[in-house]
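Now for the letters of each chain:
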Amino acid sequence: MLIRVDPASDVPIFAQVAASVRADAASGRLRPGDRLPSAREVASSLEVNLHTVLRAYQDLRDEGLVDMRRGRGAVVTDAVAPLAQLHDDVVALVERARALGLSPDTLAALVKETFR
Amino acid sequence: MTAATPDVHTARRRYVVVGVVLPIVITLIAVVLMLVWLPEVPATVATHWSGDGPDGFAPAWAVPLIAAALGAGLTALLAVMVLVPSRDGAWGATSRLLGAVMLGTSVLLAVTLTWSFGMQRGLADPHDAPNVLVPLAVGAGAGLLAGVAGWFAQPNVVTSGASGPAAQAVGAVSLAPGERVVWARTTTMSGVAMLAVTAGIIALALGTIVLSATGSDSWWIMLGATLMVLVLACATFAFRVRVDRAGLTVRSSIGVPRFRIPLGEIAQAGVTTVQPTAEFGGWGIRIGLDGRFGVVLHAGEALQVARRSGRVFVVTVDDAATAAALLEALAERTPAEYPAASHPRVPPGGGDHGILG
Numbered sequence: 001m002l003i004r005v006d007p008a009s010d011v012p013i014f015a016q017v018a019a020s021v022r023a024d025a026a027s028g029r030l031r032p033g034d035r036l037p038s039a040r041e042v043a044s045s046l047e048v049n050l051h052t053v054l055r056a057y058q059d060l061r062d063e064g065l066v067d068m069r070r071g072r073g074a075v076v077t078d079a080v081a082p083l084a085q086l087h088d089d090v091v092a093l094v095e096r097a098r099a100l101g102l103s104p105d106t107l108a109a110l111v112k113e114t115f116r
Numbered sequence: 001m002t003a004a005t006p007d008v009h010t011a012r013r014r015y016v017v018v019g020v021v022l023p024i025v026i027t028l029i030a031v032v033l034m035l036v037w038l039p040e041v042p043a044t045v046a047t048h049w050s051g052d053g054p055d056g057f058a059p060a061w062a063v064p065l066i067a068a069a070l071g072a073g074l075t076a077l078l079a080v081m082v083l084v085p086s087r088d089g090a091w092g093a094t095s096r097l098l099g100a101v102m103l104g105t106s107v108l109l110a111v112t113l114t115w116s117f118g119m120q121r122g123l124a125d126p127h128d129a130p131n132v133l134v135p136l137a138v139g140a141g142a143g144l145l146a147g148v149a150g151w152f153a154q155p156n157v158v159t160s161g162a163s164g165p166a167a168q169a170v171g172a173v174s175l176a177p178g179e180r181v182v183w184a185r186t187t188t189m190s191g192v193a194m195l196a197v198t199a200g201i202i203a204l205a206l207g208t209i210v211l212s213a214t215g216s217d218s219w220w221i222m223l224g225a226t227l228m229v230l231v232l233a234c235a236t237f238a239f240r241v242r243v244d245r246a247g248l249t250v251r252s253s254i255g256v257p258r259f260r261i262p263l264g265e266i267a268q269a270g271v272t273t274v275q276p277t278a279e280f281g282g283w284g285i286r287i288g289l290d291g292r293f294g295v296v297l298h299a300g301e302a303l304q305v306a307r308r309s310g311r312v313f314v315v316t317v318d319d320a321a322t323a324a325a326l327l328e329a330l331a332e333r334t335p336a337e338y339p340a341a342s343h344p345r346v347p348p349g350g351g352d353h354g355i356l357g
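For the record, the sequence lines run as chains A and B. Under UniProt numbering, the residue at position 73 of the first sequence is numbered 73, and the numbers go up by one with no gaps. Under UniProt numbering, the residue at position 56 of the second sequence is numbered 56, and the numbers go up by one with no gaps.
Just so you know, not all the hints are guaranteed correct.
As the list claims (entries may be wrong) - To be clear about the criterion: a stretch of chain A counts as covered by chain B if any three or more of its residues have a C-beta under 8 Å from a C-beta of chain B, and this derived list gives those stretches:
| # | stretch |
| --- | --- |
| 1 | 6-14 |
| 2 | 66-78 |
To be verified - Example chain B residues on the side facing chain A (calculated, C-beta under 8 Å, incomplete):
| # | residue |
| --- | --- |
| 3 | Leu38 |
| 4 | Ala172 |
| 5 | Glu179 |
| 6 | Arg180 |
| 7 | Val182 |
| 8 | Trp183 |
| 9 | Arg185 |
| 10 | Asp244 |
| 11 | Arg245 |
| 12 | Asp319 |
| 13 | Ala321 |
Derived from the structure by calculation, the hints contain no laboratory data. Where is the CB? At the ideal position from N, CA and C, for every residue including glycine.
Extracted from the complex, chain A is given alone in its bound form (with noise of 0.2 Å):
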């Protein structure tokens, strides 16, 4: 599992954790029944408090991409498939986009307003 967060982003670093846990469920790097690295694990590597990491993966938990349980930790559910049948269509989606000179916030928001 690859996590990246950039501290000067706008983005805040607990959604940045969880958008990386995301991402590497959609490229089908994390599949159901993988075990996400400890939050403590995570804080330290990346130098961030332990209860960012924490509200990174109760979000993915109340999402339902991850099961928390006590002694075993997050583990991945098996309500990643959708993200990772949807993969290859996001990548073509944004590569268009990017041809077309659509800013991500944009695409974002399009692909928002089509979903209501």
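Given chain A, work out where chain B should sit, using these hints.
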């Protein structure tokens, strides 16, 4: 992966002859001889000798049984270790060595057991059994000769994957200045290896029980060996692999052992394909015949890191390409800890980097 070449087919067939068929035939001859002699030996025979004569005894029928179980068990174990993983066409000197060792061991066991059994024919009391030194010496000599013959009876086939530390270089991940990253993954031992280790532990445990049942006072040595192997097995079944600002960390699931390579010591990180039995002679914490050191738990993708000291570390783990690319990126960002190193960092592109850019 490439399909098995004719060379590997020949090597595998020759292994079957040297490391499976011959040991089984030799074991069979020994067992049949002992069964034929069974009515002539005392009901209880000497099975262990000390300096001044026999001091360990067992029922006569147990000796051919032990010979059969040892011969067949060892042959099956090594055959599974060598032949199952080499189906995809990887072969190396270690596979050849295991075949030769198997033949030598079966000869040693057959000669020593059969001779020490046969020399007790016609005795009324096993305490009168002659000394075992001669059978042991002849068995060891014959075993050694058989082993050497077995080595040369097999062709010298080394497939490219098993030839040495050739890692495929990967491009570095692009990192924003100040961006923080961590890559982590668990790697576990393959099913075949777990089976082999479990079988070994069961064999040791049975040996302990048999030894203590025969009243031998060396059973506690066997118990110690069993427990030691058990602890070692637990320590090597699963490892956590992590890449972050501290470099590469590979840690056993029980905490020890752990290996760490700081970013400043990394000359190059790449991806390779590992064949455990052909290249490392098995699974676990291993040193390959080519000098590579590493944590080898299953066949396939592996992260390979060349240190500035010239030493090479390998760990079998999925998604190794991402780990290698990340190590490359992090190492590029880190100034070398040893400026006068004999192996300076090699950029993946091989380009020139002037001091002033």
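How the hints compare with the structure:
Counting residues of the stretch 6-14 of chain A whose C-beta lies closer than 8 Å to any C-beta of chain B gives 3; at least three are required, and the coverage claim holds. Chain B is given as covering the stretch 66-78 of chain A, and this is violated because 0 residues of the stretch bring a CB closer than 8 Å to a CB of that chain, at least three being needed. Hint on Leu38/B is violated. Least Cβ distance to chain A is approximately 55 Å, over the 8 Å limit. Interface hint at Ala172/B: violated, since its Cβ lies 14 Å from the closest Cβ of chain A, which is beyond the 8 Å cut-off.
About 4 Å separates the beta-carbon of Glu179/B from the nearest beta-carbon of chain A, less than 8 Å, and the hint is met. A distance limit of 8 Å between C-beta atoms decides the matter here; for Arg180/B the minimum to chain A is near 5 Å, and the interface restraint holds. A cut of 8 Å between beta carbons decides the hint on Val182/B: the least distance to chain A is about 4 Å, and the hint holds. Restraint check, Trp183/B versus chain A: the minimum CB separation of about 5 Å is within 8 Å; hint holds.
With a least beta-carbon distance of about 6 Å to chain A, the hint placing Arg185/B at the interface is held under the 8 Å criterion. At about 4 Å, the closest approach between the beta carbon of Asp244/B and any beta carbon in chain A falls short of 8 Å, and the interface hint on this residue holds. For Arg245/B, the interface hint holds, since its Cβ comes within 8 Å of a Cβ in chain A; the closest pair sits about 7 Å apart. Residue-level restraint check for Asp319/B holds (minimum Cβ-Cβ distance to chain A is 6 Å; threshold 8 Å).
Because the beta carbon of Ala321/B sits about 11 Å from the nearest beta carbon in chain A, more than 8 Å, this interface hint is broken.
The structure does not agree with the numbered hints 2, 3, 4, 13 stated previously, though it agrees with the rest.
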